[in-house]
Amino acid sequence: MNICQICEKRSRKISFSRHKKGSSGAGGTWALRAPITKKTQKPNLHIYMGMKLCTKCLKTIKKAAVKPTQTTIPVVA
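What the sequence shown shows, in my numbering, is residues 1 to 77, in sequence order.
FYI, nobody ran anything at the bench for these hints, they're computed from the structure.
Possibly wrong hints are sitting among the right ones.
[As the list claims (entries may be wrong)] List time: in silico SDA-like cross-link candidates among lysine to any residue, alpha-carbon distance up to 20 angstroms: (1) K59 with R10; (2) K42 with M1; (3) K42 with T55; (4) K63 with N44; (5) K13 with M1; (6) K9 with G50; (7) K59 with N44.
Between the sequences and the hints, there should be enough to build the whole structure, so can you do that?
So, in structure tokens, the structure goes:
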């Protein structure tokens, strides 16, 4: 299934309209009514080290793995 194994983000259904449903002037508000359909919105999943992760979790893991080491610069007096 399309589920992130860390945050459990999954596919969801949303209402989708191709264009605005506004007024065309003095003719009334329903003259250019757009059909609203149900659309499936899927998470952007990647397989990383055998796990399915969304992009946000993958970015967090990679950022935590690469921490800069503290190097001290010797001060010459």
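Q: Provide an ascending list of the numbers of those earlier hints which the structure does not satisfy.
A: Structure breaks no hint.
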